[in-house]
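J.: Letter by letter, the chains look like this.
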Amino acid sequence: MEYKVSELMISLMAREIKDGDKVLQGLYSPMPMLACLLAKNFHAPNMTYFNTADVVDPNPTEVPFSTAGPKLQENCIAYLPLAEVFDLAQKGELSLIFLGAAQVDMYGNTNLSVIGDYHNPKVRLPGGAASAYLCGFMETVIWIPKHNPKVFVEKVPFITGQGYINGWDTRERLGIGRGGPRKVITNLCVMDFEPKTKRMRLVSVHPGVTVEDVVNNTGFELIIPEEVPTTAPPTPEEIEFIRNIDPNNVREIEFK
Amino acid sequence: MEYKVSELMISLMAREIKDGDKVLQGLYSPMPMLACLLAKNFHAPNMTYFNTADVVDPNPTEVPFSTAGPKLQENCIAYLPLAEVFDLAQKGELSLIFLGAAQVDMYGNTNLSVIGDYHNPKVRLPGGAASAYLCGFMETVIWIPKHNPKVFVEKVPFITGQGYINGWDTRERLGIGRGGPRKVITNLCVMDFEPKTKRMRLVSVHPGVTVEDVVNNTGFELIIPEEVPTTAPPTPEEIEFIRNIDPNNVREIEFK
Amino acid sequence: MERKLTTLQEAIKNLVNDGDKLALGGVGRNRCPMDAVREIIRQGKKNLHLIGREKGIDFDMLIGAGCVSKVSFALVSLEEFGLAPNFRRFAQEGKIELDEHACGSIINSIRASAMGIPCIPVKGFIGSDVLRHSKTIKEFICPFTGEKLVLVKALNPDVAIIHAHKADEYGNVQLLGSPWEDIYMAKAAKRVIVTVEEIIPHEEIKENPHLTAIPYFYVSAVVHTPRGAYPTSCDSYYNYDDDNIKEYAQLARTPEGFQEYLKKYVFQSC
Amino acid sequence: MERKLTTLQEAIKNLVNDGDKLALGGVGRNRCPMDAVREIIRQGKKNLHLIGREKGIDFDMLIGAGCVSKVSFALVSLEEFGLAPNFRRFAQEGKIELDEHACGSIINSIRASAMGIPCIPVKGFIGSDVLRHSKTIKEFICPFTGEKLVLVKALNPDVAIIHAHKADEYGNVQLLGSPWEDIYMAKAAKRVIVTVEEIIPHEEIKENPHLTAIPYFYVSAVVHTPRGAYPTSCDSYYNYDDDNIKEYAQLARTPEGFQEYLKKYVFQSC
Chain A
1 MEYKVSELMI
11 SLMAREIKDG
21 DKVLQGLYSP
31 MPMLACLLAK
41 NFHAPNMTYF
51 NTADVVDPNP
61 TEVPFSTAGP
71 KLQENCIAYL
81 PLAEVFDLAQ
91 KGELSLIFLG
101 AAQVDMYGNT
111 NLSVIGDYHN
121 PKVRLPGGAA
131 SAYLCGFMET
141 VIWIPKHNPK
151 VFVEKVPFIT
161 GQGYINGWDT
171 RERLGIGRGG
181 PRKVITNLCV
191 MDFEPKTKRM
201 RLVSVHPGVT
211 VEDVVNNTGF
221 ELIIPEEVPT
231 TAPPTPEEIE
241 FIRNIDPNNV
251 REIEFK
Chain B
1001 MEYKVSELMI
1011 SLMAREIKDG
1021 DKVLQGLYSP
1031 MPMLACLLAK
1041 NFHAPNMTYF
1051 NTADVVDPNP
1061 TEVPFSTAGP
1071 KLQENCIAYL
1081 PLAEVFDLAQ
1091 KGELSLIFLG
1101 AAQVDMYGNT
1111 NLSVIGDYHN
1121 PKVRLPGGAA
1131 SAYLCGFMET
1141 VIWIPKHNPK
1151 VFVEKVPFIT
1161 GQGYINGWDT
1171 RERLGIGRGG
1181 PRKVITNLCV
1191 MDFEPKTKRM
1201 RLVSVHPGVT
1211 VEDVVNNTGF
1221 ELIIPEEVPT
1231 TAPPTPEEIE
1241 FIRNIDPNNV
1251 REIEFK
Chain C
2001 MERKLTTLQE
2011 AIKNLVNDGD
2021 KLALGGVGRN
2031 RCPMDAVREI
2041 IRQGKKNLHL
2051 IGREKGIDFD
2061 MLIGAGCVSK
2071 VSFALVSLEE
2081 FGLAPNFRRF
2091 AQEGKIELDE
2101 HACGSIINSI
2111 RASAMGIPCI
2121 PVKGFIGSDV
2131 LRHSKTIKEF
2141 ICPFTGEKLV
2151 LVKALNPDVA
2161 IIHAHKADEY
2171 GNVQLLGSPW
2181 EDIYMAKAAK
2191 RVIVTVEEII
2201 PHEEIKENPH
2211 LTAIPYFYVS
2221 AVVHTPRGAY
2231 PTSCDSYYNY
2241 DDDNIKEYAQ
2251 LARTPEGFQE
2261 YLKKYVFQSC
Chain D
3001 MERKLTTLQE
3011 AIKNLVNDGD
3021 KLALGGVGRN
3031 RCPMDAVREI
3041 IRQGKKNLHL
3051 IGREKGIDFD
3061 MLIGAGCVSK
3071 VSFALVSLEE
3081 FGLAPNFRRF
3091 AQEGKIELDE
3101 HACGSIINSI
3111 RASAMGIPCI
3121 PVKGFIGSDV
3131 LRHSKTIKEF
3141 ICPFTGEKLV
3151 LVKALNPDVA
3161 IIHAHKADEY
3171 GNVQLLGSPW
3181 EDIYMAKAAK
3191 RVIVTVEEII
3201 PHEEIKENPH
3211 LTAIPYFYVS
3221 AVVHTPRGAY
3231 PTSCDSYYNY
3241 DDDNIKEYAQ
3251 LARTPEGFQE
3261 YLKKYVFQSC
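Protein chains in written order, with the working numbering: chain A, 1 to 256; chain B, 1001 to 1256; chain C, 2001 to 2270; chain D, 3001 to 3270.
Hints may contain errors.
To be verified - Footprint (simulated), chain D over chain A, 3 or more residues, beta carbon under 8 Å:
1. 46-55
2. 121-127
3. 214-228
As the list claims (entries may be wrong) - Subject to a maximum C-alpha distance of 30 Å in a straight line, what follows is the list of computed DSS-like cross-link-like pairs (lysine-lysine):
4. D:K3070 / D:K3138
5. D:K3095 / D:K3246
6. C:K2021 / C:K2190
7. D:K3095 / A:K91
8. B:K1091 / A:K91
9. B:K1022 / C:K2138
10. D:K3246 / A:K150
11. D:K3246 / D:K3263
12. B:K1256 / C:K2013
13. C:K2138 / D:K3190
14. B:K1091 / D:K3138
15. C:K2206 / B:K1196
16. D:K3206 / B:K1018
17. C:K2206 / A:K18
18. A:K71 / C:K2206
19. C:K2190 / B:K1122
20. C:K2166 / C:K2264
21. D:K3246 / C:K2148
22. A:K71 / A:K150
If you're looking for bench data, these hints aren't it; they were derived computationally from the structure.
Cβ coordinates follow ideal geometry from the N, Cα and C atoms, glycine included.
Chain A extracted, bound-state conformation:
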């Protein structure tokens, strides 16, 4: 079955959610929203789904453009302020958060603050939302809809969200051994981090994408394993679910 790359990415993100996980979806996060709903309606019925509408386990009939929007309250079980979801995170009970970024470096550090000097920026970016807080102790999955060398840079000028900092055991030495980025899911490929150096490593390329495409669109040297499989496509049932719950193409807004 034909599918869009947004649908592939949503399916891949959903697969990062295990049954029983507690997952938080943030603001301006259409694909994480759809990934959570997909996971909960398919392989992870016992996951707990938190989101920026401050509700628990909603099951909307149609997803909203704003991922904090009122439609997201539909069929929820409870209201819970984000403050208390973060309390759960501080207790080590939140399993995963999906994070976006303007820039990502080879150690998974993300920048959402500035391009240029911090106090005299060339571009003032929006700020990292939950990043500096949650990336300090939580496992994260980074999603990037536009994989290109401007996004994937050798070293971010400003670490908003902590990845593995300078790689190796930097996190441990800073006393933040727990957590860190688990995967990076883009429109071209899936990446993870090599366990020793904590350098970003290619896991699979999406159907129709070559390893060379990925290398050319990444501004640093990616670890390329000998065998690079092709990413498994979404199932027809997944695609159908996504299209059904997203008749307005909310999933496409990050690709415009």
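Given chain A's structure and the hints, the job is docking chains B, C and D onto it.
T.: Showing chains B, C and D alone in chain A's frame:
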């Protein structure tokens, strides 16, 4: 009009509440409960009444024996956990709390912890409830239903609730200048604290009580002003209100 | 969602371990989880570290029954029925360790536990001998303002037991009366047992998501215990039974009398 | 209880002062107190220090209108409509001071303010350049556990403005949608303006005391502003108007275009 000493004390306690005050009534506090309800229904309609039932401004038709009891929820405006009343206190927005004690000394320090050695007590008392916390920064009114030398001692063996500690400027020197006991209301008299030394001072004796009665029932030297007036009795309207709202004589339980 | 409806016996057996830090909901003689207290006594749990703000018959019974080694509290009392007899006796005989608090510290300790932080600044305490003797409250200077306060340690209960009004079989709880620390406790503890007056269909939860005070993922077990707070009150459901509490206060003055109460109200009723 | 129902003009005039620390409710393009924002712009307030978690058009408009000297934030963005143009422009030109946070610090800063404590421990931040540049977040070692955390300063807003669903004339507020930080803000600020969709009789408040999210004594003024969150959403009342927000995003790319938007939607509509 004839009245009981409990009714007099309730009336006196109510008069400590000014219109617009925010007042907290604690557990096992029948007279403070009735004083708050009296004040709110008479001279202080704009007071905010917090209590151990965790409700805001209840107006029960009949007061319960337990001052955290369900009857106290009647006609309330909101539920508010004590935690948040304490938050208000920490912000300096709570005006007054009534506190009980097993022992009180000349500087208004109160003991509700132990008689004897702390780690090997002769009598283990129940604990000071809110005392050690709120007395550190709030204005308090102490009520004592049984004024006698066992209660009014020269020096408490254990300061559960901070009065003026060693008197004079001890509180200021400890950095807790704010707050402190304002009045002590007993079954015999009303007392306050001399502004300079912070020693307890007689303000008025209840009708039928002599200054000598008070002196004989106080285990330390009380400051006695030249003129000691007689305490003003409750009005007939006040007495009627109290009896109407307290048909079961909840107000008498502390005198048994 | 997992079904969490179970029996009291199973819940206490599987979720309350000897040596646990145990927080109990309610205040004074109101909405204490008494059915659970009685079951803990019947199962003979040992060395519990009780955590609660202003407690009465629930703590006193557990202490008297020999289930307790330590108590973190602001007050333990039977109010007009007198000092809590077992609490007093065990404390005076050195049989229980006391971690004395005031309401403001014990509440904030529970709240800090719910927030997942190891300590929290609070005001007060300076000048009180409670601070001088405490191992869980320390002086602290705010590095931003220079203000002198205290830090209270998060007590992090292992188990919390609260008695609530309604829940579905998954543990979504509606708490319709005085909140006290019940909700904070449920969010603070590693394991949570909720005993309830009524089990309601899941659909009722979804119809009123604003009434869900404790969502399912905080809860380990739900037990249907109508009148489970007896002889303490449960809001609009029933009042406290002061005759029973008075009988307790009189009997528990002696260890023998206390055993008589247990025999009559704890071991007979199961 | 005092009657607190007033006009928006009076509320903003009397309760928002130049130089105030101002917290605004809502998140993104949802339930932001936009009528109040427009009135602040019309009254030409100056040197405001804005406080909010994840904000959009509300913060951007106030910045563009020259009302703002400082912003405490975790994110300011128009989401799919692009970077917040005035926020970006004023920051790049050094016309506003930024106190950059993450959600976890700004939320807990507001929560600490509500709790009346000057700072609060939180996790995270270590290793982030946000910490390195912050004056309101500092490293901290818990004296009980030795754990390395940070302390976040309480920002103590002077004023909070939130848009809610229902209130009585005394300021007892029912908040029936997503809570966000609205309730914490109302409890944190010295002065609180609540704009509401509906004014309800006091009796309705007393019939449902469990729904009173913000009791009257936290509130300084209540203003009846139906559709007062427009063009942001208000839960079941109305959705956001993305056409308007898109128009804003396009016009505000230039200072001139921004003035055009103000002329059309702020100065005309009063």
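J.: Indicate, hint by hint, whether the structure satisfies it.
T.: Against the structure, the hints come out as follows:
Counting residues of the stretch 46-55 of chain A whose C-beta sits closer than 8 Å to any C-beta of chain D gives 4, which meets the bar of three, so the coverage hint holds. For a cut-off of 8 Å, the count of residues in the stretch 121-127 of chain A with a CB near a CB of chain D stands at 7, and the three-residue condition holds. Closer than 8 Å: that is the beta-carbon criterion, and the stretch 214-228 of chain A has 0 residues meeting it against chain D, so the requirement of 3 is violated. Pair hint D:K3070 plus D:K3138 holds up; C-alpha atoms about 20 Å apart against a cutoff of 30 Å.
A distance of roughly 25 Å separates the Cα atoms of D:K3095 and D:K3246; the hinted pair therefore holds under the 30 Å criterion. At most 30 Å may separate the alpha-carbon atoms for a hinted pair to count; C:K2021 and C:K2190 meet this at roughly 10 Å. A threshold of 30 Å between alpha carbons decides the hint, and for D:K3095 with A:K91 the separation of about 39 Å lies outside it, so the pair is violated. For the hint pairing B:K1091 with A:K91, the CA-to-CA distance comes to about 28 Å; that is within 30 Å, so the pair holds.
Taken as a hint, the B:K1022 and C:K2138 pair is honoured in the structure, with Cα atoms around 29 Å apart against an allowance of 30 Å. The straight-line distance between the Cα atoms of D:K3246 and A:K150 is roughly 26 Å, inside the 30 Å bound, and the hint therefore holds. Straight-line distance between C-alpha atoms of D:K3246 and D:K3263 comes to about 16 Å, which keeps the hinted pair within the 30 Å bound. Taking the CA atoms of B:K1256 and C:K2013, the gap is near 42 Å; set against the 30 Å cutoff, the hint is violated.
For the suggested pair C:K2138 and D:K3190, the alpha carbons sit about 29 Å apart, so the restraint of at most 30 Å is met. Distance restraint check for B:K1091 and D:K3138: the Cα-Cα separation of roughly 23 Å lies within the 30 Å cut-off, and the hinted pair is therefore satisfied. With a C-alpha separation of about 62 Å, the suggested pairing of C:K2206 with B:K1196 is violated against the 30 Å cut-off. With a CA separation close to 24 Å, the supplied pair D:K3206 and B:K1018 stays within the 30 Å bound.
A C-alpha spacing of about 24 Å is found between C:K2206 and A:K18, which places the hinted pair at or below 30 Å, so the restraint holds. Between A:K71 and C:K2206 the alpha-carbon distance is near 15 Å, which keeps this suggested pair within the 30 Å criterion. In summary, the hint linking C:K2190 to B:K1122 is not supported, as the alpha carbons are separated by about 37 Å, beyond the 30 Å threshold. Restraint check: the Cα-Cα separation between C:K2166 and C:K2264 comes to about 29 Å, which is no more than 30 Å; the hinted pair holds.
For the suggested pair D:K3246 and C:K2148, the alpha carbons sit about 50 Å apart, so the restraint of at most 30 Å is broken. With a C-alpha separation of about 34 Å, the suggested pair A:K71 and A:K150 falls outside the 30 Å cut-off, and the hint is violated.
In summary, the numbered hints that this structure violates are 3, 7, 12, 15, 19, 21 and 22.
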